[in-house]
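Novice: Each chain is listed here by its residues.
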Amino acid sequence: MKTQISSLASPASVEVVSRKAELKKKALKLQARNLSLQLLVFVVVTGSWQFLSSQKIIDPFFFSSPFDIVKHIWTWAVYGTTAGPLWLQFLVTLEETVLSFILGGVFGIIFGYALGVNDLLSVILGPYIKMINAIPRVVLVPIFILWFGLGMPSKVASGLVLTFFIVFFNAFQGVREVDRNLINNALLLGASKGQLAKHVIIPSALTWILSSLHSSFGFALIGAVVGEFIGATQGLGYLIAQAQGAFDTTGVFAGMLILSITALIADLGVSKLEKRFIAWRYVRK
Amino acid sequence: MTQTAPDMIELKGITKEYVKPSGEVHTVLRDINLRIPKGEFTSIVGPTGCGKSTALNLIAGFEPPTEGEVYISEQRLDGINQRAACVFQTENAFPWKTVIDNVSLGLRLRGISKADAYDEARKWITRVGLKGFEGHYPSQLSGGMRKRVSLAQCLIVQPEILLMDESFSALDVHTRQLMEDELLRIWEETSASVFFITHDLEEAIALSDRVIVLTAGPGATIKGDYQIDLPRPRNVAEISFDPAFMRIHQQIWKDLKDEVMISYENANKFTS
Ligand SMILES: Nc1ncnc2c1ncn2[C@@H]1O[C@H](COP(=O)(O)OP(=O)(O)OP(=O)(O)O)[C@@H](O)[C@H]1O
Ligand SMILES: [Mg+2]
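Read top to bottom, the protein sequences are chains A and B.
3 is the number that the numbering used here gives to position 3 of the first sequence; each next residue is one higher, with no gaps.
136 is the number that the numbering used here gives to position 136 of the second sequence; each next residue is one higher, with no gaps.
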């Protein structure tokens with residue numbers, strides 16, 4: 001194909017090149033526009049918040065202000081928090097989140113796969129899983145704290161139950177959706193049960209599983225923070241709970257800001273993972 | 001040679017029934033007896049929904065027959081037919097595997113080392129005219145190229161039975177003729193028995209040693225069984241101008257037309 005184009009008369013190929021450059025420029029322009037609009041929203045929201053708060057139109061005690069929040073984070077970072085250095089709080093929460101994310105993901109995939117390929121198992125366990133899934137997970141957190149104490153295990157357990165069901169249902173569905181023809185084809189080509197899983201079922205279910213990982217990281221974070229909120233001695237959730245106890249609105253907002261930035265970064269990480277593992281979905285003609 | 005060669009596939013008194021969701025029993029195939037010798041190219045034609053794919057599923061071992069038995073090389077088939085490979089009507093290639101991984105899969109599953117499997121796969125990729133596309137994913141290929149991948153994927157394991165379910169019907173005329181010629185060329189070099197399902201009588205005659213006509217369902221049986229004694233090697237694009245071809249075509253079409261009409265009337269009966 002390429003050789004054909006370059007062997008064409010030169011005016012035509014010059015035109016192709018200039019059209020390409022034009023398209024590229026257009027795409028860049030579009031990107032710049034979107035970015036500046038996003039920035040604009042940020043400036044307008046934080047600016048008016050700051051303005052309203054400093055003019056006392058809204059009560060700074062209840063609503064704080066962007067400037068104060070950033071200052072608060074700065075103070076935490078430099079002078080430490082009531083529970084110790086800020087980075088430690090961050091690390092504790094992150095560790096709980098990542099652990100529950102991984103454990104919830106692994107269990108979710110294992111159970112989803114097992115029930116997906118085994119009709120008997122899914123018939124027997126199906127109703128129970130639905131029942132457990134119907135329990136609002138937050139009410140489990142106090143129980144976990146009773147069982148596992150104020151430390152990390154109770155937070156990991158909270159995040160785990162939240163992540164597990166999302167990944168589980170997606171893995172289950174992913175396994176069920178595998179194209180019958182592809183399974184038959186692999187069987188004819190001589191695949192054993194294990195090979196069938198490796199070459200057909202898992203790759204096919206992976207799209208479902210990876211898309212569930214996006215939301216499940218967020219849920220792992222929620223589990224960890226709620227756990228810390230209810231009973232802990234460390235972590236960002238604990239900081240927020242403390243600030244709330246002291247009527248320190250700025251502290252609550254500061255904790256929230258750190259959490260949402262963490263979630264954003266994690267989401268980017270999961271997207272990267274997704275692109276890597278299901279590259280075949282992203283290739284274009 | 002067809003008289004002396006041993007049977008590769010034998011269907012003995014095959015009946016296949018499905019239980020409909022309403023609880024009624026739907027008989028798809030009834031009392032089918034068929035022997036396909038080793039190395040024969042057999043085509044199955046019949047009106048839509050008569051049970052051609054069902055017959056293929058039975059030979060492949062995807063499903064057991066309700067009654068009767070399938071024998072492969074005189075052995076009763078139980079479970080997946082390990083001597084067969086199949087080019088399905090829809091996609092065969094695994095979308096998450098590159099062309100070379102798709103083609104080499106059969107060898108890899110048999111425990112052959114990656115290097116050897118790749119070497120062999122390259123040969124087959126070249127053979128089906130896909131050289132240079134080893135690293136592409138199926139989504140980056142055209143429909144015809146994907147069919148070539150499927151074909152190579154099946155042929156690399158040197159199956160004794162090649163099952164094809166309307167494998168070429170989704171292709172444009174030119175690609176289709178190219179693929180048909182390629183298939184014939186490769187088949188002539190191997191001793192595979194081919195079980196070829198098609199809607200297209202011309203395709204069936206042009207390719208086959210033998211054409212089987214099924215009656216309209218439900219309860220389809222074999223209506224006609226024709227030997228095609230056209231000389232080989234054949235050229236698919238030109239053979240349809242051969243007077244002998246036209247004579248055979250006319251003869252079989254008389255059989256097939258009645259069944260198609262019956263099937264058409266049945267369909268109208270159900271909808272009105
Ligand atoms: N798993 C199944 N359960 C119930 N009925 C089925 C099943 N598979 C096929 N059938 C029925 O069997 C009949 C034959 O189907 P089959 O797919 O074999 O037809 P076909 O001859 O291949 O048709 P076509 O030429 O359109 O592909 C159809 O009426 C179909 O409804
Ligand atoms: Mg069919």
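No wet-lab data here; the hints were simulated from the structure.
Even glycine gets a Cβ: it sits at the ideal position worked out from N, Cα and C.
Warning: the hint list may mix true and false statements.
[To be verified] Capping the alpha-carbon separation at 20 Å, the derived lysine to any residue pairs in SDA-like fashion look like this:
#, chain 1, residue 1, chain 2, residue 2
1, B, K97, A, T46
2, A, K275, A, K71
3, A, K198, B, I80
4, A, K71, A, L37
5, B, K114, A, K71
[To be verified] Covered by chain A, according to a simulated footprint, are these stretches of chain B (three or more residues, beta-carbon under 8 Å):
#, region
6, 104-114
7, 210-224
Novice: All the hints need checking, so say for each whether the structure fits it.
Specialist: Okay, the hints, checked on the actual structure:
no. : hint              : verdict
1   : B:K97 with A:T46  : 48 Å, violated
2   : A:K275 with A:K71 : 37 Å, violated
3   : A:K198 with B:I80 : 19 Å, holds
4   : A:K71 with A:L37  : 26 Å, violated
5   : B:K114 with A:K71 : 59 Å, violated
6   : 104-114           : holds (count 4)
7   : 210-224           : violated (count 0)
Hint compliance for this structure: hints 1, 2, 4, 5, 7 are not met, and every other hint is.
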